[in-house]
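Enquirer: Position chain F relative to chain H; hints supplied.
Number of protein chains: 2
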Amino acid sequence: MVELDGRRRVIIENLSPAVDNGRFAAKRVAGDVVVAEADIFADGHDVISAVLYWRHQSESDWREMRMRPLGNDRWSAEFPVESLGFYRFTIEAWIDHFLTWHRDLRKRVDAGAGDLDVQLRIGLQMMHAAAGRAHARDRKKLQAFMATLESDEPVEDKIDDMWSEDLLALMFRNSERKFATKLAGEMPVEVDRRKSGYSTWYEMFPRSAGQGGHGTFRDVERELPRLARMGFDVLYLPPIHPIGATFRKGPNNKPGNAASDAGSPWAIGSAQGGHSAVHPQLGTIDDFRRLVKTASGHGVEIALDIAFQASPDHPLVREHPDWFRKRPDGKIQYAENPPKKYEDIYPFDFESEDWQSLWAGMRDVFGFWIDQGVRIFRVDNPHTKPLPFWQWIIAELKKEHPDLIFLAEAFTRPKIMGWLGKAGFSQSYTYFAWRNTAWELREYFEHLTRPPVSDYLRPNAWPNTPDILTEYLQYGGEPAFTIRFVLAATLSSNYGIYGPAFERHVHQAREPGSEEYLDSEKYEVKRWEPSDDDMSDFIAAVNRIRRDNPALQQNATLRFHETDNDSILCYSKSSGDNIVLCVATVDPHNTQSGWVDLDLEALDLDANHAFQVHDLLSGARHSWRGGRNFVQLNPHVVPAHIFRIRRRVRTERDFEYYL
Amino acid sequence: MVELDGRRRVIIENLSPAVDNGRFAAKRVAGDVVVAEADIFADGHDVISAVLYWRHQSESDWREMRMRPLGNDRWSAEFPVESLGFYRFTIEAWIDHFLTWHRDLRKRVDAGAGDLDVQLRIGLQMMHAAAGRAHARDRKKLQAFMATLESDEPVEDKIDDMWSEDLLALMFRNSERKFATKLAGEMPVEVDRRKSGYSTWYEMFPRSAGQGGHGTFRDVERELPRLARMGFDVLYLPPIHPIGATFRKGPNNKPGNAASDAGSPWAIGSAQGGHSAVHPQLGTIDDFRRLVKTASGHGVEIALDIAFQASPDHPLVREHPDWFRKRPDGKIQYAENPPKKYEDIYPFDFESEDWQSLWAGMRDVFGFWIDQGVRIFRVDNPHTKPLPFWQWIIAELKKEHPDLIFLAEAFTRPKIMGWLGKAGFSQSYTYFAWRNTAWELREYFEHLTRPPVSDYLRPNAWPNTPDILTEYLQYGGEPAFTIRFVLAATLSSNYGIYGPAFERHVHQAREPGSEEYLDSEKYEVKRWEPSDDDMSDFIAAVNRIRRDNPALQQNATLRFHETDNDSILCYSKSSGDNIVLCVATVDPHNTQSGWVDLDLEALDLDANHAFQVHDLLSGARHSWRGGRNFVQLNPHVVPAHIFRIRRRVRTERDFEYYL
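Keeping their order, the protein sequence lines are chains H and F.
Quick note: the first sequence uses the numbering used here, first residue 1, plus one each step.
Quick note: the second sequence uses the numbering used here, first residue 1, plus one each step.
In isolation and in its complexed conformation, chain H is listed as follows (with noise of 0.2 angstroms):
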């Protein structure tokens, strides 16, 4: 009649993290502590017993954890993630017959009621049943309990038995489950290496670290120290590959001359190569090689450019004219957003018939950089080749190499950018660069920093990239500079800039309306002279301060503060004892004053006890007490505070002489 067992009585939903139901894996670095909840509950008052059951996607046992209820039905367990790869985790529930019993036991002593004999013996009944299922050791630990019910001693010497935590203890590990709920799925967590969630990153292009001419990867190297000085710990680079020579491009995105300009490094492949090549400017594999371990001995790891798209000199469009579209004209479909031609680039058809030799070849091309021991990616434009690819690709990359990051550079609708973070890319690129107010600011990272967001996407905040000059730093001035560094630095645990020009305060757009740069690298080679105008120092301090502080090494505890100004931006991040407060003015023109009104609660702070503040930045320090605080910034200074805030200031109190 009924196919279920109706006397499963408990019901187990609302699961958190749960990417779409467990869809997707939730995101989480080694080292985290996941915290799993769900909503549990039966019908009437008796009493469930709940257990999460997690493993490693290497270990095949179950581990099991008692979960603990919350209140208003929400129940919670913690695991610690330490390997990389898969968890998955799962939760069981049943009507906890003992439990229940028990507290009723309790209940009725403390009311005096009566009938307690029959009580006892239900209880009994019980145990029997327990040591039925127990194995030998509890079983007799089970059996010493149930002699003293079955004694002749008094009632009141019995119950005195029953509140004993040991029982309490074996009851629990022999319950009866007959009748429990497990849950249909797995939730699964996905864990990669730490650096996925706190990374600092430098972009540059290799061909102008020359000193004079094109540059090369030894040129690179000499500037590895510089970066390390300045607290980077990922080097990305803009394809390294052979340019393709057909409709190259020149200075300003002009059409150029295959013999006199660079052309840009995205119109991938030429005679030399595709994208397993090295440009023979830029020097050879082993020199690649050489950089990637010079690096890493500065403690910078190489990012390399993922661009899936070819130059019309590519060889692969001799060698799988399969993977591109044709037209009715027999030429193959170069991009084009029409009225719009880029005919120096051809997209791969990802609706070949041949589909299945093409995604196999991409993920050939990973495979051959990660053979040269390159471990992040920076994928270009991955939002113009289907989504699915991505989920593929990346699994199967990860399948062999669970600590590989991948970058995704998608400017492009929220949806798409999320189903990104789903499908298993590591960081996204964010709107972060277009976000200026303080209002802005406070919207958006609070929509990525908290789930359902945090579980699927990473932020990794740019304030420029070589697209991307905005208005505010056209026309901001060296504040606007030094305001949009210090925020991506610390609301975002993974950012980057685009430099030198980033740390030179480079600010000329290309032409009026626009935010390509003027004479910008990604169509010439260019050559920085030394300097020491530049925000270096300022650089190093702040990455110094993450460095320093875990709490800037994650998003999850980011909470805002309010203020009455509108110029002026009040956050903090905490991680244990470590808590970082920023406080930041947004007008890279005026001084700003104001109040800020500190959360004491979400800071754990008491409203009663002065409280320190050591600002990083200027060594200053103050003593606070409340919340409510006066600030003033001059963005031509300092556009920020980033106080450490300690808890607890000593007072005479504390001496012990004081008692």
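Simulated from the structure, these hints should not be mistaken for laboratory data.
Just so we're clear, the structure is a prediction, and the values are computed from it rather than from any experiment.
Do not take every clue at face value.
Because identical chains share one entry, a pair is satisfied inside a single copy or across any pair of copies.
[Claimed, not checked] Simulated pairs of lysine-lysine, DSS-like, Cα-Cα distance not exceeding 30 angstroms:
id	residue 1	residue 2
1	LYS141	LYS326
2	LYS178	LYS415
3	LYS182	LYS415
4	LYS107	LYS340
5	LYS158	LYS326
6	LYS141	LYS182
7	LYS340	LYS522
8	LYS158	LYS331
Expert: Chain F alone, transformed into the frame defined by chain H:
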């Protein structure tokens, strides 16, 4: 290598309505239009086409409706639901290469681009393919377009042809769906009759309907004209079954005497029968059937109370001892909440080995009363029986009788109440009785009337019940009754009162701090002398307004508007052109006045045009302009305005001769 077809590029997610991802049905009533939405997107910039499929459970073929984009990758389509029972819907979406080509052709032409010959050939290829898929009629029409393209006509003329709406319709009908993404699941929608969503309940004890002595069903019949005049359409009777003698309750829940006390109707079952029998003093089963019929003649449906529990004298205690739990001393376990004992009540043991026969027995109880013509059941304490039991029994019963309505009397924790809605209960009692401030009411009703909650839980608001005489009613005087009544009747399309206690303003509790009525009808027979001093006329007026205004017959459009007085609540509901605006005081003692600030946009009102507000209670009409308006409410006169808003007030400009 890859199991999926990597060329299915479209992603569909985040459907609505979808209760727990489609695990439960979304609730609607006959005549509703279901607005289905989903996030639909793909890589790149190609144009997507999407269709919604839906069908009623009685239909084997899906109907199809094209979806339209709402912006930000959200898509929508609507379908009407007229039949009772289950509908299902799902979605299919694909990259529409023809529409992409068509959009780009428009851009090329607008930009004066060349190369149009090749473009037309690409379009022609797609038309050929579509013609190959098309039925004869469409094929013929497509061939006409193709013939033009293949002719020697000038390119301009060919392009003109491409803008034909006919062509777009033909190409959509025969679109290439080979790589379409079809949603894996089908989302269920359960359609109930309109009364599930709009009903007006009156609860009374039939035994108190007498004019001296124990009331009968015949006495209840005499009440029907009064109830119909007041505008009630459901008459809910507490249990009408034989009452147990063992441990029978006396007045005020004191121990009673089976010989002289009437007992509690919830102590169900005696030698005279159980859940399928009628208490002899109320009449016979034929009398009951007659009552059902007479009521129907007055537009009133009889709702029965189903309380699955037994008095110790219930025939089932002997017939099915296995349906009850035995204690070790051989006695049957009575209900208790230690240390409280309810020895007059035996709960059923839903963990019985014989649970399947128990479930079937309970189903047959419903079945019996359905056979007597009852279609509405108020279920007593459903949260103390297993939740899966309700899911099963309601589905079983509604298979045959989709017009059944079940009201869940579960005053328990929110998640259990919610789950009972998901499991199939048509309506649910709420916490309304204890939400007394304007702020509490607003927060609670915003929670109840918006998705996700509104998709699975239909509130039924009761200002009082035989178990609930709130402090607000005890101490608020007569205005407390009118206030709570107006709020229930206008905030919630389903509401009920327990009378005549309510309309007679009965407000004396058994003792201070208790919500029990003094001398409650639950434990004794009462006689209600005829009285003119009650609020029947007011009730009738409000119920007439509900009947005349479709806006008040649903909750989905409930919107709150700001006021500057914490004691004044302002809210609107609309249904097409029918807009009702309520302004109510929650203070039963003092006159309150203040400014309301209408959200004109939500009401679709023009800030620059006067609109008429017509107080349906007082008959007064005012002309308002703009959102800010002054109101004053004296609870001793009338505690609320129920305005009908007419969007447009005629002015001299409406006369033809003005122009």
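Enquirer: Each hint should be assessed against the structure and marked as holding or not.
Expert: Hints versus structure:
| no. | hint | in the structure |
| --- | --- | --- |
| 1 | LYS141 to LYS326 | between (79 angstroms within a copy, 28 angstroms between copies) |
| 2 | LYS178 to LYS415 | between (43 angstroms within a copy, 24 angstroms between copies) |
| 3 | LYS182 to LYS415 | between (32 angstroms within a copy, 19 angstroms between copies) |
| 4 | LYS107 to LYS340 | between (79 angstroms within a copy, 10 angstroms between copies) |
| 5 | LYS158 to LYS326 | between (88 angstroms within a copy, 23 angstroms between copies) |
| 6 | LYS141 to LYS182 | within (29 angstroms within a copy, 58 angstroms between copies) |
| 7 | LYS340 to LYS522 | within (19 angstroms within a copy, 81 angstroms between copies) |
| 8 | LYS158 to LYS331 | between (92 angstroms within a copy, 23 angstroms between copies) |
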